[in-house]
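Participant: Sequence:
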Amino acid sequence: MAAVNGEPEPMAGANQRRGGAEGQTFLVLGERSEQSSWELSITSVHASRFGDHVVIGRDGTEQLRRALVLSKRSPRDPAVGETWRVTGPIQLHPEYGPQLHAEVALPLVTKGRAIIRHLATDKRFVGIGWATAERVWERFGETIYDIIRDRDLKALAEVVGADRAIAIVDGFGMLAEEVEIFRWLDRYGVSPRVAGAAARVWGLGAIDRIKADPFTMTLLESWKDVDARALRLGVALNDPRRLTAAVEEALAIRFRAGSMASPSPVLKPLVKRLLAPWTGDPAGAIDLALASGRVVSPAAELLQSRACRFMEEEVARQIGERIGREVPGFDGKLVVDAIAKVEEEIGYALTDAQREAVFMATTCGVCVISGGAGTGKTTVVRAILAALEAIRDGLPTSQRHGLEHLQVALAGRAVRRISEATGRPANTLSRLVHDIEDAGRHIDAGTVIFDESSMLDTPSIYRVLAQLPIEVNLIFIGDPGQLPPIGPGLPFHTMVKATGIPSVTLDIVHRQDDATGIPAVASAVRTGKAVGLRRFDPNVALTPGLYLFPASKGDVAAKTIAAFRAMCGRVPVYGKTAALHEMDVQILTQVKNGPAGSKELNRAVEVEYMGKQPNVEDWGLSVGSKVMWLKNDYSKAPQLDAKGKPVVDKVTGDPICAGFMNGSLGVITKPHPKGAWVRFDDGAEDAITAADLEKLTHGWAISVHKAQGSAFKRVIIPVVRSKLLDRTMLYTAITRGIETVVLVGDIDLINEIIEAAPASLQRNTALQFV
Numbered sequence: 001m002a003a004v005n006g007e008p009e010p011m012a013g014a015n016q017r018r019g020g021a022e023g024q025t026f027l028v029l030g031e032r033s034e035q036s037s038w039e040l041s042i043t044s045v046h047a048s049r050f051g052d053h054v055v056i057g058r059d060g061t062e063q064l065r066r067a068l069v070l071s072k073r074s075p076r077d078p079a080v081g082e083t084w085r086v087t088g089p090i091q092l093h094p095e096y097g098p099q100l101h102a103e104v105a106l107p108l109v110t111k112g113r114a115i116i117r118h119l120a121t122d123k124r125f126v127g128i129g130w131a132t133a134e135r136v137w138e139r140f141g142e143t144i145y146d147i148i149r150d151r152d153l154k155a156l157a158e159v160v161g162a163d164r165a166i167a168i169v170d171g172f173g174m175l176a177e178e179v180e181i182f183r184w185l186d187r188y189g190v191s192p193r194v195a196g197a198a199a200r201v202w203g204l205g206a207i208d209r210i211k212a213d214p215f216t217m218t219l220l221e222s223w224k225d226v227d228a229r230a231l232r233l234g235v236a237l238n239d240p241r242r243l244t245a246a247v248e249e250a251l252a253i254r255f256r257a258g259s260m261a262s263p264s265p266v267l268k269p270l271v272k273r274l275l276a277p278w279t280g281d282p283a284g285a286i287d288l289a290l291a292s293g294r295v296v297s298p299a300a301e302l303l304q305s306r307a308c309r310f311m312e313e314e315v316a317r318q319i320g321e322r323i324g325r326e327v328p329g330f331d332g333k334l335v336v337d338a339i340a341k342v343e344e345e346i347g348y349a350l351t352d353a354q355r356e357a358v359f360m361a362t363t364c365g366v367c368v369i370s371g372g373a374g375t376g377k378t379t380v381v382r383a384i385l386a387a388l389e390a391i392r393d394g395l396p397t398s399q400r401h402g403l404e405h406l407q408v409a410l411a412g413r414a415v416r417r418i419s420e421a422t423g424r425p426a427n428t429l430s431r432l433v434h435d436i437e438d439a440g441r442h443i444d445a446g447t448v449i450f451d452e453s454s455m456l457d458t459p460s461i462y463r464v465l466a467q468l469p470i471e472v473n474l475i476f477i478g479d480p481g482q483l484p485p486i487g488p489g490l491p492f493h494t495m496v497k498a499t500g501i502p503s504v505t506l507d508i509v510h511r512q513d514d515a516t517g518i519p520a521v522a523s524a525v526r527t528g529k530a531v532g533l534r535r536f537d538p539n540v541a542l543t544p545g546l547y548l549f550p551a552s553k554g555d556v557a558a559k560t561i562a563a564f565r566a567m568c569g570r571v572p573v574y575g576k577t578a579a580l581h582e583m584d585v586q587i588l589t590q591v592k593n594g595p596a597g598s599k600e601l602n603r604a605v606e607v608e609y610m611g612k613q614p615n616v617e618d619w620g621l622s623v624g625s626k627v628m629w630l631k632n633d634y635s636k637a638p639q640l641d642a643k644g645k646p647v648v649d650k651v652t653g654d655p656i657c658a659g660f661m662n663g664s665l666g667v668i669t670k671p672h673p674k675g676a677w678v679r680f681d682d683g684a685e686d687a688i689t690a691a692d693l694e695k696l697t698h699g700w701a702i703s704v705h706k707a708q709g710s711a712f713k714r715v716i717i718p719v720v721r722s723k724l725l726d727r728t729m730l731y732t733a734i735t736r737g738i739e740t741v742v743l744v745g746d747i748d749l750i751n752e753i754i755e756a757a758p759a760s761l762q763r764n765t766a767l768q769f770v
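Quick note on UniProt numbering: the sequence shown kicks off at 1 and runs consecutively.
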């Protein structure tokens, strides 16, 4: 379901069912007992789908014990072979008997004979089984701990060999360091999970780092918690470390709100609020932060964190180095022929601006193609790819090696759209970065085309450009009138305004028929002009056009469902949901909560339209439910060969998977022994289980942010006042519709939003291109 910040929340009911799931597996009954504390040598670990664990292990008397360790109570996941101290009340489980509910859970350095089990079962000690572990104990006894501490490899090697001796000493050394960090941070008042994160980020240096500057922890915890702890420990209100950290935190708050930099007058009140009850001048804190080098001033009265400055400078450098760089092997005749071939395939001629864009893209190292929704940007991409492929085919074979021309988008549905429109494969940006960073993919030369570039935030562009050599050309395509990225920065909008970057603007709308009125209204909204709309008639709900369904604030939700009902018709009978999905009706919301928010609208549609369909377990889903995936999962949707067997990577032996991508819409198609089978709009399909529920939500009503880059036959937009609603959101929502768009709400509110300056574009950055 769409959240206020554009991010959906897990499927309705999933969190409510958490207690039920734990009731079946982990929940205990009976009165709470007094606090108990065990040191368990862990023999088995059983994870729940929510990240919690039941650990079973032997205490000091070798008696088997069982404890529930909640993820928020432990610094990291427990592992077989380790020794953990668990403290909390013991309660009676209806099936498993006494079970300790850990309120404190920390790993310990192994003591006594427990080292035998640790060596034999912990995966970090490869090649050491029970027999070898027993020999180590028989030979050294308690002195084994001194040998490990002193790194006496020679003595150990006499029993286990050199390689295993190194593994034992290194493995215990890392554990000892980790345990020391956890203990120290626990005394310091840091939560277990944050302590685990600190250990992973800084290692043993975490202790010295935090002692030197307690505000280092603002990277991992909230300012409120870190500041309160530091003041309790005696840090003065005017301590330079506190003043500097407050300026950095103020910039971080602005960063999370979308700004890569901040004007000093805007930052000062925020710094003053963070430093209360200190009553000094925040300008002094800013001076300290600047003197430390942790904050910089790229322009007069403009402040920026060092990290944000570095990102923007790197993006500017990567773009600047490509300006003026020519595409090797360019041949004008090949481009003309490619354009002619595409025109023959699509049945109409490209406009002059479209042809100019194709020639620009095939001759420049970097360029920008902008234009309103439906102005033929994807058709241009098709012609560009055809031309680039023709140029590549004309190169000598030796120059084609490692040369690729790729198209990427942010959303799964957008990937499918551009793949279908261009006749060539596409990837999500996250998939491309994953393949480069984690799967070892190398792109030596060629082109990367970024579709819907207005959705790209600065950190995302920085991350992908850092992985691409200068020989890879860049084409950014998008609409600066649409919603800016959810993340910080306005890189595409800055590119469009930059005079030094080659650019073409498309201005003729092709997507929607002019007769629908969608292009004209969308253009008016984009430029801030008030609109007059035809009234929606539920009796002819499928008539193409853009309509207003008048509704007061209290009626918006009911009329939104009424519009959906008018478009989709009767509730489908058992097993017959295909026609419903073929109607391609999508509700686009600005808010998550409230009667007209995605949560309630999803619930209403699901209850009414899936009421006659077979349920999937107790998940709140049915066969035929429309769903949206919430998190990139690269282990889903394995590729199959002609015999239906998974295709595996020849190097790693792992299955090659298409993955389920964040934002993909899909349909539950059939039951499955593990739960249900789902097929997403980008073609990926696989089984989902109960463990996947937190990555899934209903998809009847989604946020406008999640719909950006997609198109639907029919769109219904409940318009309610919210902090996020401005003309960019309204324009983006309207232009998602191909045939019919219905705005549900008050025309006065709609025009008020259209005429006001877009709040979402009022971000501060210091990004500049030559």
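Treat the hints with care, since some could be wrong.
[Unchecked claim] No farther apart than 25 Å at their CA atoms in a straight line, the calculated lysine to any residue pairs in the SDA-like style are these:
#1 612 x 622
#2 72 x 167
#3 674 x 638
#4 111 x 48
#5 631 x 193
#6 695 x 685
#7 713 x 532
#8 224 x 104
#9 631 x 487
#10 695 x 634
#11 268 x 231
#12 695 x 683
#13 333 x 404
#14 529 x 573
Don't read these hints as lab results, they were simulated from the structure.
A quick note: this is a predicted structure, and the numbers were derived from the prediction, not measured.
Participant: Would you mind marking each hint as holding or not holding in the structure?
Facilitator: Comparing the hints with the structure gives:
Note on residue 612 and residue 622: the hinted pairing holds, with a Cα-Cα distance of about 9 Å set against a maximum of 25 Å. Proximity of residue 72 to residue 167 is assessed by CA-CA distance (about 30 Å); at most 25 Å being required, the pair is judged violated. The suggested pairing of residue 674 with residue 638 holds, with an alpha-carbon distance near 16 Å, which does not exceed 25 Å. At most 25 Å may separate the alpha-carbon atoms for a hinted pair to count; residue 111 and residue 48 exceed this at roughly 29 Å.
For the hint pairing residue 631 with residue 193, the CA-to-CA distance comes to about 21 Å; that is within 25 Å, so the pair holds. Among the hinted pairs, residue 695 with residue 685 is consistent with the structure: their alpha-carbon atoms are about 15 Å apart, no more than 25 Å. Annotation: proposed proximity of residue 713 to residue 532 holds, straight-line Cα distance about 22 Å (limit 25 Å). This hinted pair checks out: residue 224 and residue 104 have alpha carbons roughly 23 Å apart, not beyond 25 Å.
Note on residue 631 and residue 487: the hinted pairing holds, with a Cα-Cα distance of about 16 Å set against a maximum of 25 Å. For the hint linking residue 695 to residue 634, the alpha-carbon distance of about 13 Å falls within 25 Å, and the restraint holds. For the proposed pair residue 268 and residue 231, the alpha carbon gap of about 22 Å is at most 25 Å, so the pair holds. A threshold of 25 Å between alpha carbons decides the hint, and for residue 695 with residue 683 the separation of about 18 Å falls inside it, so the pair holds.
A hinted pair counts as satisfied when its Cα atoms are at most 25 Å apart, and residue 333 with residue 404 qualifies at roughly 21 Å. For the suggested pair residue 529 and residue 573, the alpha carbons sit about 45 Å apart, so the restraint of at most 25 Å is broken.
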